[in-house]
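Model the full assembly from the supplied sequences, consistent with the hints where possible.
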Amino acid sequence: MSDSVISAEGLSKKFVIGVQAQQDALLREAVTRGARTLVRRGVDLLKGRSERPSRTEEFWALRDINFDIKRGELVSIVGRNGAGKSTLLKVLSRITEPTEGRVTINGRVNSLLEVGTGFHPELTGRENIFLNGAILGMSRQEMRRQFDEIVEFSGVSKFIDTPVKRYSVGMYVRLAFAVAAHVEAEILVIDEVLAVGDTEFQARCLNRMSEVAGSGRTVLFVSHNFAAVSALTRRSIVLEGGRLIFDGPVDAALAHYTSTLVKSGPDRHWGHGKSSSLISAELVDSEGMPTERFVPGTPLRLRVVLEASGMRGMSLEAILRDQNNLPVGFYSSAVFNQVPLPAEAGRYECLLSLDAFQLAAGEYGIDLQTYFTNVIVDHRVDSAVRFSVDTCSPDGIAFNFRQDYGVGPLAMKLSGPLEFVRIGSVGVPDDLQLAPRTS
Amino acid sequence: MSASDRPFSTSVVLEAGRADRQYWQDLWRYRELLLILAWRDVSVRYKQTVVGIAWAFIRPFLTTVVFTVVFGHLAKVQADTPIPYALVVIGGLLPWTLFASVLGDASNSVISNGNLISKVYFPRLIVPLATMLVALIDFAISLSILAGLMVWYGFVPGWQILLLPAFVALALLASLGPAIWVAAIVVKYRDFRFVVPFVLQFGLYVSPVGFPSSVVPERWRLLYNLNPMVGIIDGFRWCIAGGESPLYWPGFLLSLGVVIFFLWLGISTFRRVERGFADMI
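Chain order of the listed sequences is A and B. Under this note's numbering, think of the first position of the first sequence as 1, with each following residue one higher. Under this note's numbering, think of the first position of the second sequence as 1, with each following residue one higher.
Treat the hints with caution; some may be incorrect.
[What the hints assert, rightly or not] Below 25 Å or equal to it, Euclidean Cα-Cα: the simulated DSS-like pairs (lysine-lysine) are:
{"#": "1", "chain 1": "A", "residue 1": "14", "chain 2": "B", "residue 2": "47"}
{"#": "2", "chain 1": "B", "residue 1": "47", "chain 2": "A", "residue 2": "165"}
{"#": "3", "chain 1": "B", "residue 1": "47", "chain 2": "A", "residue 2": "158"}
Since the hints were made in silico from the structure, they are not lab data. Since the structure is predicted, the reported quantities are computational estimates derived from the model, not experimental observations.
As structure tokens, this is what we get:
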């Protein structure tokens, strides 16, 4: 047997979206549309016209993916939302089948695409362990052998005979993860299950994952958690728009990944809202030239082009997101500044200049949306603008504060001088240390 | 634990439209999941109920009483039945209830287990098969009504009663065919969620549940057997009453043919579309 456990050749997956997928939801519509198509085809045939193109749109979630994973390798898959990561995992775990190409898998695959798959709220913790284990492909003997360990790992042994519907979210997640973490598989496919639970439990999970990884099993791991990716895996596959754009060591892959965030600009179709449409948006420098770099401490300038229908009470809003796609800042023209969209229909351009912040070095995105004040989003464009910060050195120090340090995307600046005032000596009992300061 | 003693250790090739040669082996390997899903459905069903699994007894029992009164005493169709009418009714009601609960539950099973199907691989046939097991358990419980009635009437069945399991299996197959066919297409065409309850309601009256099929005029008898439940219910009554309720063989064979056709249709349709379930649910 060769050493390769997963090998993908020209793997592609197509989804059909748009008109057909939506309309055929009811049999009646499929039938009437089928009849209509038949009549039209007949007419076309009589008139000697060639067939009209169908009104469906194809979407390639994966396109020509090739890779080869050896036994015992630890591989992470990174990419933005919609890059095809989840689809790839679904194909590898046999949930959905590829449209083209092939994958050869040698060994038992267990996929954890979600914690607690199949958990039933009415069943007790004990019952759910057996149910969930069976769903994840554990045999009964395997389960009996591991049961005590699972319960201990989860830390919910006191409530093991209580229906899980009475569990807190934290307990539920712990139990679910405990089962998942004890699945014995040769190939483990994991999708972002670490994004749950409290920090202490996450650390325990990470530990367990590296134990699993160290035991010679092959692990495929998808995560937005960069610390976890680089701690757990050596090799990384980067997906972008359904294509494999990088396959190599983790560090190089992460660098590559962050660089793609900038390149993929607003070259896609933005669509439109009911009463307004965002047309385009870009980051501009102080001269008004488009740029992809932001210098911390200078104003963040966005040039936005939009169409307003004249509807009153609408707001232009921006949501700043860090490289983990977490929201870190918000602006609303109508709410913050009582500046709604113009009451006269037309196409408008505006320069949105936001106050200086000390953004950490790294990648950022801005979602734009138009909003009926406090009611409903009219038109929303995720990641309308993407930009990066090369260096962040608040107060000009020779130190680059980066987002991937994991302490947040903002460097906080002092509003006044910082000074340490001595209030006692080392080793003095607590109650004395708490005495009022004398200086 | 070495890789070799793991039952799942195997090599697979995933490719578009590839007829999976290991499908039936996989189905066998996942038999534990089948049992556990059935166990889940049974134990969840009667949680927070007072009488619990006794419901599986109460419902068919009350139906038997009502049908016996309505058909046997009010409508007086029992003219030529030599055995107690309640036994005629239970002989029709048992297979019909089995059929109806398999068809009703299994046809919805793929959708109601959508969360599993979109997250984990297993042969999808497991899902309707598990609901079939659940219906079978209810059926086993309601068999006690039959036993009770026999004791009540002091009725001793002939050797034919030994063939009852064969007809139970047949009733299962008869319901499984249409059930998995509907389960497969309802994923895309949700209309069938409304069609099935209607068919079942309708079917209760066109099948000889409350009356013996001998009341159907002789020249329509063969046509009547196009309804597969006719042959099966006749078979049940034959097992219970033996020679007193003779089997109509041409009709039975026709019913059998219809059962096989639906089974073929169901399995082939299900196998064809199941690979797309995760994309459609």
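Consistency of the hints with the structure:
Straight-line distance between C-alpha atoms of residue 14/A and residue 47/B comes to about 43 Å, which puts the hinted pair past the 25 Å bound. A threshold of 25 Å between alpha carbons decides the hint, and for residue 47/B with residue 165/A the separation of about 13 Å falls inside it, so the pair holds. Of the supplied pair hints, the one linking residue 47/B and residue 158/A holds, its CA atoms being roughly 21 Å apart against a limit of 25 Å.
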